[in-house]
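Q: The listed protein sequences correspond, in order, to chains A and B. Counting with the working numbering, you get residues 1 to 484 for the letters of the first sequence. Counting with the working numbering, you get residues 1 to 182 for the letters of the second sequence.
Just so you know, these hints were derived from the structure itself, not from any lab. Only a predicted model underlies this, so the values are computations on that prediction, with no experimental measurement involved. Positions of the beta carbon are idealized from the N, C-alpha and C atoms, including for glycine. Treat the hints with care, as some may be off.
Said to hold, decoys possible - Simulated coverage check for chain A against chain B, where a stretch passes if three residues somewhere in it have a Cβ under 8 Å from a Cβ of chain B:
1) 67–77
2) 104–114
3) 120–132
4) 138–148
5) 200–214
Claimed, not checked - A few chain B residues that face chain A, going by a derived Cβ cut-off under 10 Å, partial list only:
6) Ser17
7) Ile21
8) Phe107
9) Tyr137
10) Ser138
11) Val143
12) Val147
13) Ala151
14) Gly154
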Amino acid sequence: MSSWLQASNWLVMLPEMIIAFFALIILLVAAFTKDSEAPYPESLAITGLALAFISSYYIPEGVGYYGQVAVDSVSRTAFSIAILGGMLVLGVVPSQFGTDTMRSETSALVLFSLCGVGFMVTAQHLIMLFLGIELLSLPLYIMAGMRTRDPRSREAALKYFIVGAFASALMLFGMAIYLGANGDLLMNHFALSFQKNAVPPTLIFFAGWILISTAMLFKLGAVPFHMWVLDVYQGSPSSITAFMTFAPKIAAFFALAKMWPLGSESGLSTPISMMYLLSFLTMTAGNMMALMQRNIKRMLAYSSIAHGGYMLMAFLISGTEGIHALLFYLAVYALMNIGAFTVITLVAPSRDPELSIISLSGLAKTHTYLAVALAICLFSLTGLPPFGGFMAKFFLIKAVLASGNVYIALAAIFNSLLSAYYYLRVVLVMTTREPLAADSDELISPSAGFTSIGLSSRIALAVAIIGVVISGISPDFFARIISL
Amino acid sequence: MNILLFYPLSALIIILSLGVILATNPVHSALLLVGAMVAIAGVFLCLNCEFLAMLQIFIYAGAIMVLFLFIVTTIDTRKDEKFVSSAKFSQASGILLSGSMFFLFFFLALQFVQHLPDTGRWLGDAKGLGELFLKSYSLPFEVVTLVLLTAMAGVIVMSHDPLYRRRSKEASKQILSGGNKA
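Just need the whole structure built from these sequences, with the hints factored in.
A: Right under this line is the structure:
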């Protein structure tokens, strides 16, 4: 027994174990209590995540479970970002599902999904990676369809499920080919094959590699594989959309980082030019299509595609600098999106359920704080200086320039300028337009809008906004918090 | 690996799988899928994995497909509802895509034969599988349970109707209040 424990180095998975344990507890509590007397399941979930976050500082680094997983500082930081984001999202969940009975299920599913993120970022074996992807995605499919009465939500769940199943099938096919090419499913063959002066990989290895990478690109919504993003983000409940924008991205990016040669370190030109093209297409197409959106959730969906394109640039940088810039970008990006979607969650019930941008008009007069919070998030998403989005783009573009890829950096800067139009248009609508007629009732009785906002979502929103501001003013301090 | 058995079995799997997606009656699809599963079990037998072959038949053909059939029969599918998409564009693009994929992987497979690495001993018997599950694959084995649990929770959530309980509560209240008046 003790020899098994020693051999498996089981402590490396402690954060995931804690999260899974709390998810099971939440499900059990939900099963044995009535809806009316159920304690706040989110508080239990947040406690679990906090414990997991603390424990991730103390677990040993290294390989565990017979080479199935490996924890290093990058995977640990990526997982910490996902955990912190998950805590904030769980703070918003009560206002989304306030009258519903689905809150404990939602909390448990968020925890399971985060577990999947943990397995994906630490996976060293393709079976682990595949199970991680499934454990990450299954809860997302379910949560996308949580508003069972809303046809849009059902459509989102079905579309996400079918596209996800397709991506999983591609990945399994790729795994079969990879097994044939290498003789086992360990992920270190990627790194070995892409070393400098290594034996050039066979065509069959490339086929497996492309298929597995494609599954990851599906998950993060890079451009030829982005069709699902729009309807899924729009149809899902807003707080869940906030979770969807960052959790699969974190997992997919760091799984991809383990199987993709970073920059020119491999000496092969094909992966670099592929990533060049992917990154350029993703950011440009995302921004172009976002320009034309009238619905704020659809606009943010396209903006998330565009940001995915910026982040893909990190793969053009050799060494650890690109990965660190990517971690910082993902952390800031998660905060910005949580902030924006929290405001949308809070505003939606009192306004247009379709959430057209026009329906936000006059928000600065009716809900000043929410309007300011949304404006800060949008400024940050644009990349304006005092906020985190600027520093994130700055670090990334600086590293890209240092690696000698001038044109893609210029494209990213041009795209950021372009994106200012659609982000700032929302701010303009919020401040300069008069509130819509339907909203004036609410002005008379402010109780309708404001008191329904739960305390926890106010705290989550405040933390997200403070994070966005701090990461812009003092990026070093912010990096220390997320244990970079 | 018995090549003489392998080729007929693979042909059978391909034909049955095509039948699964082309059949317009979902019950036929499910039954053809059972056939494909049994044929896959045959491939496992060719690889000297008797235990895996048995599990394949027990679990897939026996348990999962029977559940499939249960669900298909409980869902009311009318004869005029065809599963096959009739859109010309999507059909054409589907054929084009799968055709090009087929040729791509056909040529890859030709190369594949020359580069086949040594995969070592196939652990297809009960002892080998048990060793794998409890030692090197102990973590994935546990994670599978989490995935299944999530799927189970998902089924409950998706089939749960939030208004149903409220309505039934109101109905019972009405009955109770009516009883009090009487």
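Q: Confirm or reject each hint.
A: For each hint, the structure was consulted:
Only when three residues or more bring their CB closer than 8 Å to a CB of chain B does the claim for the segment 67–77 of chain A stand; here the count is 3, and the claim holds. Proximity of the segment 104–114 of chain A to chain B, defined as three or more residues with a beta carbon under 8 Å from a beta carbon of that chain, is established by the 4 residues found. For the segment 120–132 of chain A, the proposed coverage by chain B is satisfied: 5 residues have a C-beta within less than 8 Å of a C-beta in that chain, meeting the threshold of three. As drawn, the segment 138–148 of chain A meets chain B at 7 residues by the rule of a beta-carbon pair under 8 Å; at three or more, the given contact holds.
Coverage of the segment 200–214 of chain A by chain B holds in this model, with 4 residues showing a Cβ closer than 8 Å to a Cβ of that chain against a need of three. The criterion of a C-beta within 10 Å of any C-beta in chain A is not met by Ser17/B, whose closest approach is roughly 13 Å, and the hint is violated. Against a cut-off of 10 Å between C-beta atoms, the interface hint on Ile21/B is violated, since the closest Cβ of chain A lies about 13 Å away. The criterion of a C-beta within 10 Å of any C-beta in chain A is met by Phe107/B, whose closest approach is roughly 9 Å, and the hint holds.
For Tyr137/B, the suggested interface contact is upheld, since its CB lies about 7 Å from the closest CB of chain A, less than 10 Å. Annotation: interface hint on Ser138/B holds; nearest CB of chain A at approximately 6 Å, less than 10 Å. Because the beta carbon of Val143/B sits about 4 Å from the nearest beta carbon in chain A, less than 10 Å, this interface hint is met. About 5 Å separates the beta-carbon of Val147/B from the nearest beta-carbon of chain A, less than 10 Å, and the hint is met.
This hint holds: Ala151/B has a C-beta 6 Å from the nearest C-beta of chain A, less than the 10 Å allowed. Interface restraint check: Gly154/B against chain A, minimum CB-CB distance 4 Å, threshold 10 Å, status holds.
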